[in-house]
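Participant: Listed below are the residues making up each chain.
There are 2 protein chains.
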Amino acid sequence: MTIQVFGHKSPDTDSTGSPLIWAWYLKEIRGEDARAVLLGEPNTEAAFMLDRWGFDKPEIIDDVAEGAPVAIVDTNNPAELPASINKADIRSIIDHHKLVGGLETKAPIEIRVEPLACTATILHKMIGKDLAQAPQGIKGAMLTCILSDTLGFRSPTTTQEDKAIAHDLAQDLGIDIDGYAEEMFAAKSDVSAFSDAELLRMDSKEYEVDGTALRVSVLETTAPAQVLDRKDSLMASMPGVAKEDGAEEVLLFIVDILKEEATLLVPNDRVKKIAEASFDKSVSGDTLVLPGVMSRKKQIMPVLKAG
Amino acid sequence: MTIQVFGHKSPDTDSTGSPLIWAWYLKEIRGEDARAVLLGEPNTEAAFMLDRWGFDKPEIIDDVAEGAPVAIVDTNNPAELPASINKADIRSIIDHHKLVGGLETKAPIEIRVEPLACTATILHKMIGKDLAQAPQGIKGAMLTCILSDTLGFRSPTTTQEDKAIAHDLAQDLGIDIDGYAEEMFAAKSDVSAFSDAELLRMDSKEYEVDGTALRVSVLETTAPAQVLDRKDSLMASMPGVAKEDGAEEVLLFIVDILKEEATLLVPNDRVKKIAEASFDKSVSGDTLVLPGVMSRKKQIMPVLKAG
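Here the protein sequences come in this chain order: A and B.
Position 31 (the first sequence) corresponds to 858 in our numbering; numbering is contiguous.
Position 243 (the second sequence) corresponds to 1070 in our numbering; numbering is contiguous.
Chain A with its partners taken away, still in its complex shape (with noise of 0.2 angstroms):
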């Protein structure tokens, strides 16, 4: 049966380009019959990503099936995995993000977490020098996959490795990264396509922060006047999509990749006491700007208090 091997829901470069990569290794270097499939439709920065290196768009799956192998990368949480996933046969676990916990394997199986920038990275690092095997794609899916998730090398989450390899690749395809970079952020800040809603989940994450269930969301773009031209929009949609999804607030975060720093939007007080305990800040009108914040993961989530 072949392994299908898939990122997290909302799929972003990583959880779309790492999917291919892995599905590569294993068929083309294991020998095992192996492909990528999507848990979603992939953002306009992973779509332009597949089009640049030349592949069709993985078919796009709802759930699994019991006892289907798969291999998952950049996610080890089940809320952001298909519905029956602990039914099927999970064969490796690859990923760069804290452990949730919730998954459980019927065996021992492979498993790599690092706490590096971008799933890619460690797959490059496990894949070793059989990537001299790899065409073009799948070097030019990490390149892009590491500076997607680093900004360039700007978010705080880059290590030393993700850079070194980011660099080898580059020069390998002959690539000029600063420019290629540019390109990648443009396409990921095109977002005139999504309602409102959509943007609000499209790289979200649920968090309980003392008990309270918030959505934590992030836009990261070159040209956030785009957004932040309809955030009154924006806001009148937060206590819809909040309640649909089981949560008190949503917090958007524009991170200005250029200007590295983020607006936070806050529509009502509720979120301007999470704002203000949270960042230290007062915060009059409806925004919230954060100097130098890039990473939710590292410069969010971590000071994040209900308030």
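I should point out that these hints are in silico values taken from the structure, not numbers from a laboratory.
One thing to keep in mind: the hints can contain errors.
Since the list can't tell identical chains apart, any single copy or any two copies may satisfy a pair.
[Claimed, not checked] In silico DMTMM-like pairs for lysine to aspartate or glutamate, Cα to Cα no more than 20 angstroms straight-line:
| no. | residue 1 | residue 2 |
| --- | --- | --- |
| 1 | K1124 | D916 |
| 2 | K952 | E937 |
| 3 | K956 | E988 |
| 4 | K1125 | E937 |
| 5 | K1099 | E1033 |
| 6 | K990 | E1010 |
| 7 | K1124 | E937 |
| 8 | K933 | E1033 |
| 9 | K933 | E1035 |
| 10 | K1125 | E931 |
| 11 | K1099 | E1035 |
| 12 | K925 | E937 |
Once you have looked at the hints, place chain B on chain A.
Facilitator: Same frame as chain A, now just chain B:
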């Protein structure tokens, strides 16, 4: 703060040796402050290893403090770890067991699980060429762990990697594998000092099988007569142990390492039903001999049925 490195409760050889190996690596190669500790009295084979390779017995700890840095080897099961484990600062998890779920971390950490026979084999791969700097004792502990977990390469959990690494270590150390394994197993087989209840809990895991809580215990020995001579008294102790530990039955498998077979004690009709359903044999008397059965992980757990 010192990183405490430990394996599971009721430490066997791998859960005693692997903490020593990983603490050495963290300290001497990565330059971190680390020390091996134990979550209980090591078994007789583990004690033999400590003595043979010149280690002091690591301190036995009861629990971990909130926020204390720890590194976990040879398990990912919270039930086999200190009660406060999820309040500690877990820095790494290195293991070769199925994923149980339940451990959580606040940030991404280093996790490495591989379907190999022994944690020390994974450590050997992770340490790589830095092992050249290790003292004899660290290499000796690695070899002992691998020979212990593979039962001298007899267990079906044994992989080519475990074997190749053990042979390399033995050659490096000038150790004759067969003779050394015989000494180890003789140490493990000397269980005269233990009470019946201690024997039932020495190498034991609790499982839910079809909704029935079972304590599945294994005694690996080259002197099965020493255990079988005590079988009436062992069986008489089972109800008390089961009750205290919240299990419905205790299944004790006495694994004859040299004959490569297991003998299951059958104290009552309930265990008889379990044995017959699981191993597709009819049981007469109070024992069931299972030729070729050496591994709880590979040959017992996957077939166990509540009957």
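Participant: So, for every hint listed, does it hold in this structure?
Facilitator: For each hint, the structure was consulted:
{"no.": "1", "hint": "K1124 - D916", "in the structure": "between (29 angstroms within a copy, 17 angstroms between copies)"}
{"no.": "2", "hint": "K952 - E937", "in the structure": "both (14 angstroms within a copy, 14 angstroms between copies)"}
{"no.": "3", "hint": "K956 - E988", "in the structure": "both (16 angstroms within a copy, 19 angstroms between copies)"}
{"no.": "4", "hint": "K1125 - E937", "in the structure": "between (26 angstroms within a copy, 16 angstroms between copies)"}
{"no.": "5", "hint": "K1099 - E1033", "in the structure": "within (19 angstroms within a copy, 49 angstroms between copies)"}
{"no.": "6", "hint": "K990 - E1010", "in the structure": "within (19 angstroms within a copy, 50 angstroms between copies)"}
{"no.": "7", "hint": "K1124 - E937", "in the structure": "between (24 angstroms within a copy, 16 angstroms between copies)"}
{"no.": "8", "hint": "K933 - E1033", "in the structure": "between (28 angstroms within a copy, 15 angstroms between copies)"}
{"no.": "9", "hint": "K933 - E1035", "in the structure": "between (29 angstroms within a copy, 13 angstroms between copies)"}
{"no.": "10", "hint": "K1125 - E931", "in the structure": "between (27 angstroms within a copy, 17 angstroms between copies)"}
{"no.": "11", "hint": "K1099 - E1035", "in the structure": "within (18 angstroms within a copy, 47 angstroms between copies)"}
{"no.": "12", "hint": "K925 - E937", "in the structure": "both (17 angstroms within a copy, 9 angstroms between copies)"}
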